[in-house]
Amino acid sequence: MNWTTRMRKRATEQLSWDRLLPSEQPVYVNSLVYSFGVFTLSSLVVVIVSGIVMAAKSPVWYQTSAVGEYFRAIHFWSVQAFFFFMTMHLVVQFFMGSWREGRALTWVLGALSFGVGVLTAFTGYLSRGDFFSQWNQVQSKDAFNGAGVNGLFNALDNGQIYGLHIAVLPAVLIALIGWHLVAVRRKGVVPPYPDEGTENAKVGDHS
Amino acid sequence: MKRDYQYPDAKRFPMKDFDMVKEGVVSLGVIAVIVLVVAAIAGAPYRPAVTNQQVAVQSPVLVEQTALGDLDGTGEMASYGPPYNDGTGSIQSIAGFSPQTWWGTPYPLNTAKDDVLTPLTMLATASGNVSLKQALHTYETASGATQAKWSQNLTDALNKAKVVGTTVQLPAGNYGPVSYMMNAELQLARSGLLSGALARETNQGAYRWNVQNNLLFLQGAALHNIAGALNMSGEQWGINHDEQAYPGPWWLTPYTFFYQIPPWNTSDAGDQMAAYTVGLLFLVLIFVPWVPGLNRLPKLLPLHKLIWRDWYRRDKPKSEKGSVAPRHV
Numbered sequence: 001m002n003w004t005t006r007m008r009k010r011a012t013e014q015l016s017w018d019r020l021l022p023s024e025q026p027v028y029v030n031s032l033v034y035s036f037g038v039f040t041l042s043s044l045v046v047v048i049v050s051g052i053v054m055a056a057k058s059p060v061w062y063q064t065s066a067v068g069e070y071f072r073a074i075h076f077w078s079v080q081a082f083f084f085f086m087t088m089h090l091v092v093q094f095f096m097g098s099w100r101e102g103r104a105l106t107w108v109l110g111a112l113s114f115g116v117g118v119l120t121a122f123t124g125y126l127s128r129g130d131f132f133s134q135w136n137q138v139q140s141k142d143a144f145n146g147a148g149v150n151g152l153f154n155a156l157d158n159g160q161i162y163g164l165h166i167a168v169l170p171a172v173l174i175a176l177i178g179w180h181l182v183a184v185r186r187k188g189v190v191p192p193y194p195d196e197g198t199e200n201a202k203v204g205d206h207s
Numbered sequence: 001m002k003r004d005y006q007y008p009d010a011k012r013f014p015m016k017d018f019d020m021v022k023e024g025v026v027s028l029g030v031i032a033v034i035v036l037v038v039a040a041i042a043g044a045p046y047r048p049a050v051t052n053q054q055v056a057v058q059s060p061v062l063v064e065q066t067a068l069g070d071l072d073g074t075g076e077m078a079s080y081g082p083p084y085n086d087g088t089g090s091i092q093s094i095a096g097f098s099p100q101t102w103w104g105t106p107y108p109l110n111t112a113k114d115d116v117l118t119p120l121t122m123l124a125t126a127s128g129n130v131s132l133k134q135a136l137h138t139y140e141t142a143s144g145a146t147q148a149k150w151s152q153n154l155t156d157a158l159n160k161a162k163v164v165g166t167t168v169q170l171p172a173g174n175y176g177p178v179s180y181m182m183n184a185e186l187q188l189a190r191s192g193l194l195s196g197a198l199a200r201e202t203n204q205g206a207y208r209w210n211v212q213n214n215l216l217f218l219q220g221a222a223l224h225n226i227a228g229a230l231n232m233s234g235e236q237w238g239i240n241h242d243e244q245a246y247p248g249p250w251w252l253t254p255y256t257f258f259y260q261i262p263p264w265n266t267s268d269a270g271d272q273m274a275a276y277t278v279g280l281l282f283l284v285l286i287f288v289p290w291v292p293g294l295n296r297l298p299k300l301l302p303l304h305k306l307i308w309r310d311w312y313r314r315d316k317p318k319s320e321k322g323s324v325a326p327r328h329v
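Residue numbers (the working numbering), protein chains in the order written: chain V, 1 to 207; chain H, 1 to 329.
Chain V extracted, bound-state conformation (with noise of 0.2 angstroms):
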């Protein structure tokens, strides 16, 4: 078979426009916990661009400038907007039993990205370069090491913590954010459970 028809075959069926961007909804999609999700997503936007700004600028530039300062807060208060909003969307979705009906996968990708993302903040805190960073370096190296990643990471190197904060876990975690929404597009957003003792309990209920 020829992988490249076969990929854009199954692209073409899996990933339609009328999947990924639809302008439809079904009409039970009626809540505010359904932005959640994009609440979630726009604070990481906000996180991400405040975030390139400090990057290309420089950690001096952030712990001592006015404008690096102001840059910092931003990305500080669209870090704890991003977790504020990904605890609630993952708080619902458990409560709505959002894997039901194939969306295992979506389920796994969201709670790997809530891991990923706790350890870019980590590695976030380790960065700002002031008392709380320095204190939090020497306090989790013992948990690092105690847990055996210690030949992985030395959370008093500076280089690797800042590389790991700006460029590898990011890279991840958009990565798997990424793939979680293709997912919920792809299979699109779960369905009530059914009504127990209506005829509508018969359809859908494959939880």
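Simulated from the structure, these hints should not be mistaken for laboratory data. These numbers were taken from a predicted model, which means no experiment stands behind them. Incorrect hints may appear among the rest.
[What the hints assert, rightly or not] Simulated pairs of lysine-lysine, DSSO-like, Cα-Cα distance not exceeding 30 angstroms:
1) V/K187 to H/K113
2) H/K113 to H/K305
3) H/K11 to H/K305
4) V/K57 to V/K187
5) H/K133 to H/K160
6) H/K149 to H/K113
7) H/K113 to H/K133
8) H/K133 to H/K149
9) H/K299 to H/K11
10) V/K9 to H/K16
11) H/K305 to V/K187
12) H/K162 to H/K133
13) H/K113 to H/K160
14) V/K187 to H/K11
15) H/K305 to H/K22
16) H/K22 to H/K11
17) H/K149 to H/K162
18) V/K187 to H/K299
19) H/K16 to H/K305
20) V/K187 to H/K16
21) V/K9 to H/K305
[Claimed, not checked] One-sided excerpt, in silico: chain V residues whose CB lies under 10 angstroms from chain H:
22) W3
23) E24
24) P26
25) Y34
26) S42
27) A73
28) I74
29) S78
30) A111
31) G117
32) F131
33) W135
34) K141
35) W179
Even for Gly, the Cβ is constructed at its ideal location relative to N, Cα and C.
Got chain V sorted already, so can you dock chain H onto it with the hints?
Chain H in isolation, oriented as in the chain V frame:
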């Protein structure tokens, strides 16, 4: 008409217009404005990092005690173990399982040489200080027993030392060259040059990426005293909170929680246990779709009825009439 390339539920449920692009743009605009305004009003937490110089000025005895512990091998870092050296003091192990030891010593630290002897040798060379050079020679050529005796005497004396001006005054005693060396170390720290001398050791060249030895010199009582006063030590929920009035990394709460309760906060392998416990919980989160019981829990809890209340309300009359919902195409 439902096209083949629409996602499956488009064929099963009634649809309504939905402008995803508009939702995204409005959301991004609203979040960006809120963040920019909050950042302008509230700023961000920042407390300047602590330097060896500050500690030397504020707690000169502590610097001498730290340097002496590094020199005679009684300091925490001197006997830490992997990944820094061959000690065993901070090796964590759960029933013999200790991956901390698997990597050997990739970030070598010899506290006597790295924290004291090398910086003081550099100081003696830079300042042309013949007395210091002689003191170092005397120390390094003395027997281990003699070195230990001097160190023990000075350890005891430092507990009774007084600070007068910029110097630490000791009671008379037999400290050999060690008291002179420790005073030189203190003055080096006071000058601000000790940090540079330590940081150069872990970088093998002109650049300064790795601040390991500089931070490890401070990592004991020096930083713990400051962090404790700010309620930031591990048993005070440590990393979970930032400077007062600012939210911290609250998403680490499940991890930090274990440091507050036994057996995690009483075990020598507490860090290892906390890491594995959180790792296990994370695996459960990832595999929720396949965990029996947990994957059906949301169906039993009434919250989904609240989230989809409009749908269930809409569906009710049809269901009660026995219609075959919801294939509203």
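Identify every previously stated hint that the structure contradicts and give their numbers, smallest first. Hints 1, 2, 4, 21, 22, 35 contradicted; others consistent.
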